[in-house]
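Asker: Given the sequences, and given the hints that come with them, work out the whole structure.
In the numbering used here, the protein residues as written are 1 to 434.
In short, the hints are calculated from the structure, not lab data. Model, not experiment: these values are computed from the prediction. It is possible that some hints are incorrect.
[Said to hold, decoys possible] Only pairs whose alpha carbons sit at most 16 Å apart, straight line, appear in this in silico EDC-like list of lysine to aspartate or glutamate: (1) Lys338 to Asp316; (2) Lys321 to Asp340; (3) Lys335 to Asp316; (4) Lys272 to Asp316; (5) Lys321 to Asp349; (6) Lys335 to Glu172; (7) Lys194 to Asp355.
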Amino acid sequence: MPRARFFFLLICLLAISGFNAWGNNFAPTFNQIMAPDFSAASLQISEPAPARNSTTPTLSTPSTSTSQETLSPKPPASLAASTPTPKVKLPMVQSLENHAPFRVGVFNMAPFAFRSGGGQWSGLAVTLFQHIANSSGLRYSITEFENMDQAINAVETNTIDFAAIAVDPTPEFELTMNFTNAFELSGTSIAIAKHTHLPLLNLIESIWQSIIPRFIGLVLFSLIIFGVIVGLVERKKNISQFGGGFWTTIGEGVWWSSATISTVGYGDRVPKTKRGRFAGGLWMLIAFALTSLLAGLLSSVLTVARINSEIHTPTDLLRLKCGAVLNSAAFVDGKNMKYDMTPYTSMDDCLRALDRGQIGAVLGESVRLRWLMNQPQWQSLIMLPSSIVTLYSVFPVSSEVDPQTLDVINYHLLKITDSKEWEDMRHLFLGDQS
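Answerer: Right, here's the structure in full:
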């Protein structure tokens, strides 16, 4: 019996020793399976090398064709999908040397586009585009148009790729074309007659330019004619009042007709003959009509002068007729402001109508309007300090131009407008815009 107990204790000790050795080898693998680590380092754990010259028994595991990947579980698919993939930004192509030649439209729109003395196209917008083309290696051909409406229509219908003009973008334009980045602060401003800020000079100029001078000439002519008639008729029979030499008689007759038209009625000269009184009565009726018409004309001129002298803000234009170039951003802005808009084909036509008094104000692109006000032929006009809308001028681009090409153009545009060279160009074509 004691011997049996001895063998039982020996077997227990051997079993405990074997389990300890088995646990030391299996525990790391077991922990990996039960609590996996998804870090990059954990996925590259190598299998431990067997101990050399070890007398401790170990538990062998079946060999497999795969090593650690079989034992180490992969991360869930949802976790792998949520891991952000770093984006690599490819360098933008900055050259358009291999691009097909651009079809570029221009028309006379000083100071942005105009023909120079040598017949070549120049101007702020044209020169800026030429610098962009030279920097990017872009080839181009020029297509000339008569006005803005034709050039914009060519861009919208993809007849040309680019218009070397400055336009203010509108929602309507956005539906039919693309634009470059902005290169000039702009908007819609108002031009009016300069005399609207000088009421006294405005009154004198308004009277002089109206029909009143011609009407006064008619009155003086009638006054002299009736004075001569009455003087000659009364000369022989009313010697005390109209007698004397020929020129004395004429002078007395004109004096009488002047006193009659003014309704003063001194009574120092009175026709006494029947023919003299008939001529005198007829002159009284004509003089009354002429003085009434003259009073009406003066009242009309004074009213117009008073209205014009009160044009100081965009709101004052609601009661006037305004002009702008058809389909321009200024024309659209005027319509949105509920102005009474009259369309014209060019800015020169607008300013000419304003100078002649056919309209009360002109709406136009701010930079160009300010430049035109400094030209000798428009010295009688002035631009109001406040603007209706503030925008930025851009180049119109065809919708068929691919975005990559437009990106290259914008890159060179920004590079040029951020340099001193751009300020020199602005000063050359715009002068002092302060």
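Asker: Now, for every hint given, state plainly whether the structure supports it.
Answerer: We went through each hint and held it up to the structure:
| no. | hint | in the structure |
| --- | --- | --- |
| 1 | Lys338 to Asp316 | holds (12 Å) |
| 2 | Lys321 to Asp340 | holds (5 Å) |
| 3 | Lys335 to Asp316 | holds (15 Å) |
| 4 | Lys272 to Asp316 | violated (59 Å) |
| 5 | Lys321 to Asp349 | holds (15 Å) |
| 6 | Lys335 to Glu172 | holds (13 Å) |
| 7 | Lys194 to Asp355 | holds (9 Å) |
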